[in-house]
Every structure is written in structure tokens, then in C-alpha cells.
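**Q** Fit chain H to the given chain B structure using the hints.
What follows is the residue order along each chain.
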Amino acid sequence: MIRRTLTAAGLVLFAASVVLPLVWVAVTSLKSSPEIFASPWSLPADLRWANYARAWREAGIARCFTNSLIVTTATLAILLPVGSMAAYVFARYPFRGARWLFGAFLGGMMFPLFLTIVPLFLLLRDLALLDSLEGLTLVYVAYSLPFTVFVMTGFFHTLPQELLEAAMIDGCGHVSAFLRVMLPLARPGLIVVGIFNAIGLWNEYPLALVIAVSEEIRTLPLGIANLMMMEHYQSDWGALFAGLVIVMGPVLAVYWAFRDRIHDTMVAGALKG
Amino acid sequence: MSPSSRRGLFVAGFLAPAVVLYGMFVVWPVAEAFAFSLYRWRGVSEHRTFVGLDNFVRLGSDPVFRQALGHNLVFLLVGGTAIMALGLAIAHAVHGSGRGPRALRGVYLFPQIISGVVVAILWMFIYNPSFGILNGSLKALGLDALALDWLGTPRTALPALVVTFVWHGVGFYIMLFSAGLRTIPVEVHEAALLDGVSGLRRFVSITLPMLWAVMRVAMVYVVIGALNVFALVFLMTVGGPDRRTETMLTYLYEQAFKNSEFGYATALAVANFVIVMLLAGLVMALFRRNPQDARA
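Those protein sequences? They're chains B and H, same order as listed. Just so you know, we're using the numbering used here here: the first sequence kicks off at -14 and counts up by one. Just so you know, we're using the numbering used here here: the second sequence kicks off at 22 and counts up by one.
Okay, chain B solo, but in the shape it has when bound (with noise of 0.2 Å):
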């Protein structure tokens, strides 16, 4: 009794932990600059709404948000055609190579990306696809084809090979197949596989803080870093904290209503060995 209460208690206070410093970011983004100085734990006495309008404006969050949604669009529209196309001859054609090819790719799960980090931006540098959306488009469909790959030739496995049989028989191409049978078998791990990059892509820090250097290509965690920095000299804390918001909001929002399906992804991509 004394141990199950005693677990209850650590249990609830693990939860406040990773719950009130959240909680307490999206009220602190509610107060004024002085309210956040004078008090940091209470209650807002107004609700300054004004907050979330100088971050949108002034501090030019509206700019990085844009950004981060053109990037990461742009991103998912080519890595889910690219990466289920591959997935697709891995699960479905076996060739000569295709067990080293398909470690190949497996192989970027586990490669820090640090490694590769100077020779890509010098690389970028003499394709003229530094400091673009484009250049950091194509960087992050890359670094996440290992994930997308995996993950899909796993789903398109489970689909039966009758269904591609019979396609065959009643006339399907190759590539016909694919588009009118198995692939729109296929969306509901497209939609996981989706959502989980999309996430990922959202919140992408080190690879944006290489590749987007100027100001107008900023996404959205540098966006709020650089807004970091620069509080310290404007002390606009409250604005501060309504980007914090606007940067985690959205990714919370689509987390809790997919929870249950990002977090078996997440397992079996995490105890793939």
C-alpha cells in the first residue's frame, strides 16, 4: 500500500515536471515584461494577447513561420514520392545488391550528422544552394530518407503479394501497380511516416543553422534563438515567450492528436537492431 502510494507520488510528481514548465511558458507569454520580473510565478493580471502580436510582427516570427512551412512541405512532398518509390523495389523486388543498398540506407540512421557537416556546407557553397530554402529542402529530404525508407519498406511488406499478382494479371505495369494498388494501400503508413517528419523537420536545429545563414530564410528555431539573443538587449520577454509558443504549439497540437500512432512508429523504429 505504503509502495503503491509512494510510486503514485513519483509518478505524478515526474508528470508536474515535464508539464508546469510548459504550462508556466504559455502563462509567462500572457504577462507583461515587468509582471515576468516582479513575479515570475503568478497569474497574468491582464491576458497581453499584444504579446503574440509583436512576436508575429515585430520580431519577425511571421517571416520564420512561413519559412518553416515552406520547407517543411516542400520536404515531405518529395521525400514521401522519393522514399516510398524506393521503399516499394525493397519490399517488393528483390535484386543483386539490394540487402547492401538497403543497409546502405539504414546505415544514415545511426551516422551522426555532425560528421558530415563541413563537407556539406562546402559543398552547398559550390552548388549555389547555400543559404536557400531550396538547398535546406533538399538536405533534409536527404537526412530523412533513412527513416521514410525504413519505415515503409517495413509497411509495404505487410501488404499481400496477391493483390500484386492479381494487378499484374488484369494488366497493371509496373509502375501502375504501384500507383493504383499499392501505394493507396499504403497512406495510413504514409500519413504516420508524414506526420513523424513532419515534426522532426519542424523543430530541425543544427542542420538550419548551418545552411540559413541570412535573415529572410530563417526558420523557425532560429528564428526564436536569434529572438533569444536579442532580448537580452530589448527585454521584450513576453514576446519572447509568445514565439516560444507559437514554435511548440503546433507540434503538441498534432502530437497529442496522433500520439499513439507517432509513438508505436517511434519504437519500432528505435528497436529496429
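Calculated directly from the structure, the hints in this document are not laboratory data. A hint or two may mislead.
Said to hold, decoys possible - Label pairs and their computed distance ranges (CB to CB): (1) B:Pro79 - H:Gly81: 26 to 34 Å; (2) H:Gly81 - B:Met94: 27 to 35 Å; (3) H:Leu162 - B:Leu(-9): 16 to 24 Å.
Small disclaimer: the values here were computed from a predicted structure and weren't measured. Glycine included, C-beta positions come from ideal geometry on N, C-alpha and C.
**A** Using the frame of chain B, we list chain H on its own:
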């Protein structure tokens, strides 16, 4: 066209976009990284000199690199141990009890789901000396003497970062261990209960051995995570004060993008990669044998 060449064309065509993108932006830079690490190369000019393993020799005697590696090992040993212990304890507690856990399961991944940048800024405000909630709480409890400038004091900066590292990472491990616990058949626990084995003994002699494979994978992730910590340190302390929180990757960033020491920075990246691989291999080897097999 024959069916087999049509098939071949299809396979090649469907693989090509992925292979080109992955080859160009991942595989090729990896290969280049190993080559670059053998050159002395200061950014702006195209001029580079082959120096063999000189960069690695220089790394070995670079006091900042050694210090940075030491800090990464603190993240690994202190932070990693805390993550494994907390992760196991919480996963176990969640698994054992009834209703609450479903709600908790949604919550514990929050820190993992939000951007590392948000986590860093959030914790900068928790530690903020003038209006952070940590010092606010300490002062409210009358412990004014303990209200320090946590990130600005050499003695406390690294521990403060390690705490944030644990907070940020532990959810992932709770998730792994929970998944592992679910694979243990209920019958095993029932049998143990019938034999009168319960509590801590059941955990040590039954649960832990059955979680062995998951624990091993988890430890490899801990190694990778602790040796590749970047955003938290870069944003919260930039390696300071006085390099007291410098880590391998923050130092790499400084060498590459502040000093334009591309050759040296890449050698650092290769060294980091090799150290990660060695430690991960060591973990795999040390924990290869499942204690359960030994008994059987």
C-alpha cells in the same frame, strides 16, 4: 522490351531519385569527411595541404578538445546513468499500475517532441538568476543563499546542463523500456508470484534479464546522445563560462564556422564518430551476454 528488362528498368527508375539524393548529400559528404580530416585547410582559400594524421595528433594535445571530451563523458556517465535509472523506474511504475499510465504515456514524450531550441530557452529561464522559477522557488523557501546564477557559475553550469539533458531525453527511454516490458509475458510474472518472488527481487532476477536486449539498445542511444549533445549547450552556455561546458560538437562548430578551420574541424568530427563507435561497440560487447542465458 522483354519483361525482365522492363522489370530492371522499373527497379532502377524507382530507386534512382532516392539513391541520387542520399548519395549526393549523405554518402558523398561522409566519404569527403574522412578525406578532409587529412588536410590542413583554412576555409576561404581553396588552398589545402595534405598533412596526413597531423590534425589528429594536434587534437590529442589540444587542451580544449580534451576538456570537451571530458564534459561529454560527464553527460554520458552522470546524465546517462540518471536517464537509464529514471527511465527504468518510471517505465516500471507505469507498467505496474492501472489507469493513470495511459494519460502519462501521452505526456512523457512532450520534451522529446518539442524543439531542442525551445527546451534550451525554457531552461535558460528556469535557471535565470533574476526571474527564473528555480531561484524564485528557492527564495520563496527562504533558501536565498542557494539562488545562484546557475549557468554563469563555472561550478554549476555543467551540472545544470546535465539536468536539462536528462529532462529532455528521458521520455524516449521510458518509451523504449515500456515497449520492452510489454513483451514480457504475463505468465512469467504470475509464475514468479506463485513462487513467492516479488518486489525488488522479481525486478532484478526476472524483469531486468528479460529487458536485456532493450537495455543494450538503450545504452547505445545514450552513448550517441551524450557524445553528440549540441543545441542545448550551444544555446544555453555556448560552452562557457570559460569553456567549462565546452563539448566536442560545440568546439567543432567553433572551429568550422567561426575559425574556418575546415580540416581541423572535420578531423574533430571523425574523432567524435570514432569515439562514438568505439564506445557503442564496447557497450554491445560488455552487455552481449544475457545473464539469463548464463544461468540456463
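**Q** Which numbered conditions among the earlier hints are violated in the structure presented, ordered from lowest to highest?
**A** 1
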